[in-house]
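Enquirer: Position chain W against the provided structure of chain E, taking the given hints into account.
Respectively, the protein sequence lines represent chains E and W.
For the first sequence, the working numbering assigns the number 1 to the initial residue and increments by one for each residue that follows.
For the second sequence, the working numbering assigns the number 1 to the initial residue and increments by one for each residue that follows.
Accuracy of the hints is not assured; some may be wrong.
[Unchecked claim] Computed Cβ-Cβ distance ranges for the label pairs, DEER-style:
| # | chain 1 | residue 1 | chain 2 | residue 2 | range |
| --- | --- | --- | --- | --- | --- |
| 1 | W | G92 | E | W138 | 34 to 44 Å |
| 2 | W | M320 | E | N18 | 53 to 63 Å |
| 3 | E | N18 | W | N147 | 53 to 63 Å |
If you are wondering where the hints come from, they were derived from the structure by calculation, not from laboratory data.
C-beta atoms are modelled at their ideal positions from N, C-alpha and C, and glycine is treated no differently.
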Amino acid sequence: MMLTILAFVIWAAAWALNVRLARLPQRWVRLAVPLIFGATLLVVWELLVRGAGVSAVILPPPSAIASTFVRVFPTLWQDTVQTVFKGALSGYVIGCAAAFCVALLADRFDVLRRGLLPVGSFLSALPIVGTAPIFVMWFGFGWQSKAAVVVAMVFFPLLVNTVAGLRDTTVQQRDLMFTYAASYWETLFKLRLPAALPFIFNGLKVSTTLALIGAIVAEFFGSPTQGLGFRIDASRGRLALDVVWSAILMSAFAGSLFYGAVALLERALTFWHPSQRK
Amino acid sequence: MKKLMLAATALAGFSAPAFAQDALTLQLKWVTQAQFAGYYVALEKGYYSDENLDVTILPGGPDVAPPQVLAGGGADVMVDWLASALAVREGGLPVVNIAQPFASSGLLLTCWKDAGFTGPQDFKGHTLGVWFGGNEYPFLSWMSRENIPVDGGADGVTILRQGFNVDPLIQRQADCISTMTYNEYGQVLDAGVTADELTNFSFEAEGVATLEDGLYVLEDRLTDEAFADKLVRFVRASMKGWKYAEENPTEAAEIVLEFDETGAQTEAHQIYMMGEIAKLTAGSNGALDPAAFDRTVEVLMAPGSDPVITKVPEDAWTHMITDRALD
Numbered sequence: 001m002m003l004t005i006l007a008f009v010i011w012a013a014a015w016a017l018n019v020r021l022a023r024l025p026q027r028w029v030r031l032a033v034p035l036i037f038g039a040t041l042l043v044v045w046e047l048l049v050r051g052a053g054v055s056a057v058i059l060p061p062p063s064a065i066a067s068t069f070v071r072v073f074p075t076l077w078q079d080t081v082q083t084v085f086k087g088a089l090s091g092y093v094i095g096c097a098a099a100f101c102v103a104l105l106a107d108r109f110d111v112l113r114r115g116l117l118p119v120g121s122f123l124s125a126l127p128i129v130g131t132a133p134i135f136v137m138w139f140g141f142g143w144q145s146k147a148a149v150v151v152a153m154v155f156f157p158l159l160v161n162t163v164a165g166l167r168d169t170t171v172q173q174r175d176l177m178f179t180y181a182a183s184y185w186e187t188l189f190k191l192r193l194p195a196a197l198p199f200i201f202n203g204l205k206v207s208t209t210l211a212l213i214g215a216i217v218a219e220f221f222g223s224p225t226q227g228l229g230f231r232i233d234a235s236r237g238r239l240a241l242d243v244v245w246s247a248i249l250m251s252a253f254a255g256s257l258f259y260g261a262v263a264l265l266e267r268a269l270t271f272w273h274p275s276q277r278k
Numbered sequence: 001m002k003k004l005m006l007a008a009t010a011l012a013g014f015s016a017p018a019f020a021q022d023a024l025t026l027q028l029k030w031v032t033q034a035q036f037a038g039y040y041v042a043l044e045k046g047y048y049s050d051e052n053l054d055v056t057i058l059p060g061g062p063d064v065a066p067p068q069v070l071a072g073g074g075a076d077v078m079v080d081w082l083a084s085a086l087a088v089r090e091g092g093l094p095v096v097n098i099a100q101p102f103a104s105s106g107l108l109l110t111c112w113k114d115a116g117f118t119g120p121q122d123f124k125g126h127t128l129g130v131w132f133g134g135n136e137y138p139f140l141s142w143m144s145r146e147n148i149p150v151d152g153g154a155d156g157v158t159i160l161r162q163g164f165n166v167d168p169l170i171q172r173q174a175d176c177i178s179t180m181t182y183n184e185y186g187q188v189l190d191a192g193v194t195a196d197e198l199t200n201f202s203f204e205a206e207g208v209a210t211l212e213d214g215l216y217v218l219e220d221r222l223t224d225e226a227f228a229d230k231l232v233r234f235v236r237a238s239m240k241g242w243k244y245a246e247e248n249p250t251e252a253a254e255i256v257l258e259f260d261e262t263g264a265q266t267e268a269h270q271i272y273m274m275g276e277i278a279k280l281t282a283g284s285n286g287a288l289d290p291a292a293f294d295r296t297v298e299v300l301m302a303p304g305s306d307p308v309i310t311k312v313p314e315d316a317w318t319h320m321i322t323d324r325a326l327d
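With the rest of the complex left out, here is chain E (with noise of 0.2 Å):
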């Protein structure tokens, strides 16, 4: 009881600390502020899980769940080659590649846009529920399936992306390379593939964590005896609730720094655009 009173006193006064930062108007505020917050999270979630006296087979306090992260580390570690770098890594490249040619051949050619667009969009509402185990079937139980399963995920997303972007020129731009005598090829990559790297880069961004989520999903339909989704499922049937939850952690920073390196190098590529300016 005592820990669950605890519980609500930090909070309150962690939130009274924070209103009061948020007024300030020094930098490093932006920086405590969201780490103030998170870290409260942590100690409220653990005080109340001990105070209530929740049985760890339906939440695990967090300092078990980061001593448990650290002492399965090497498993995870291997779960996170087979998933992230096998599964989910070359279906986003392979998925992207594809979309983006795709895209190319869509833009010069309107009948394959409007054949190609509508195709697209029926794939990506394929659940993948349905699609997984087909795709188990077709290419094995390996980090092909996941691939595959992946490939079919990001492909929409960056088509409709790239197709959009390309055609996000001004008629005065394209008249001003038309009257340089540019060709096609001169026109597509000096003026509208930089011009559509914005929207390419949105949908690669969006990409990522599908892909990660495609990976880890296709793991349930079937899997050698690693991978995060394997992982999840094997230990959520042992009640291993902490191996869950430290799988669960162990995706969510393999798909932030994902997110983060496409979103740098978008910055590096796109520094002319107004949303990167300072």
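Expert: Same frame as chain E, but now just chain W:
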């Protein structure tokens, strides 16, 4: 908090009519099928209401972990395998076996005959399908007893985490898959494979069988006399249901079909399943056989790098309920 909840329960008790039946919820290990025929027969035939019980049967499935439902208060009793129950118990959720309607194990490793396996040592270098989510323990124990590593390589076996179908065998993605005599083995035969094309390794015959479907409750609730009394009546009625199902497999299968809300089960498969299930429940009066329990523990603690449980479980079963239910 506890007091408040007690008060709420007491209030609910008073407001209900005096003749109300005692409510009890049973969480099954898997979907509605003849594997659980005894409970459905007891419900349909009124054996539970004869004992003044109002039993709710919750079907399980691939997304349901019975111990978690039990821990969360979603059910009073669960059907689970002893291996998984003991692992959960060591993991900090004190579940206790109160009755054991299944005397023998129906777990098989079904292999293509042309793979030429004569014993477990022949598995080396091959791919085998195993279920996870608590069902992997008997297999892992068997491999560790045979000193076969399970992380792939020429000297070990590669494990496929198989889903709950038989495709990996049919498509030869694996040379062997896990099957239950009463379910997936029938599905392999239904897929057009004849029994001559297959070799079966029975966990029972290999001496690595672990006790399967038993009834479990949370340990601390057993001290509540009213709850214990409900369990006594529940076990008595359930065993009556099981013995009826054993003797009338076709009728039992039809009763199960009536309760299958998903409509996924077929009559022929359920009748087949009930026939196989009857072989496993035969010879059990509901009371757990301590020798079989000890054998399961021995299997699970088999020497090896990764035993399922690390210490001999104490007080993980009790005859307290069955002694009163079956005399």
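Enquirer: Could you see if the CB distance from W:G92 to E:W138 stays within 34 to 44 Å?
Expert: holds, 41 Å
Enquirer: So the hint says 53 to 63 Å: do the beta-carbon atoms of E:N18 and W:N147 match that?
Expert: holds, 58 Å
Enquirer: Okay, W:M320 versus E:N18 on CB: inside 53 to 63 Å?
Expert: Given about 54 Å between the Cβ atoms, the range holds.
Violation of the numbered hints given earlier is absent; every hint is satisfied by the structure.
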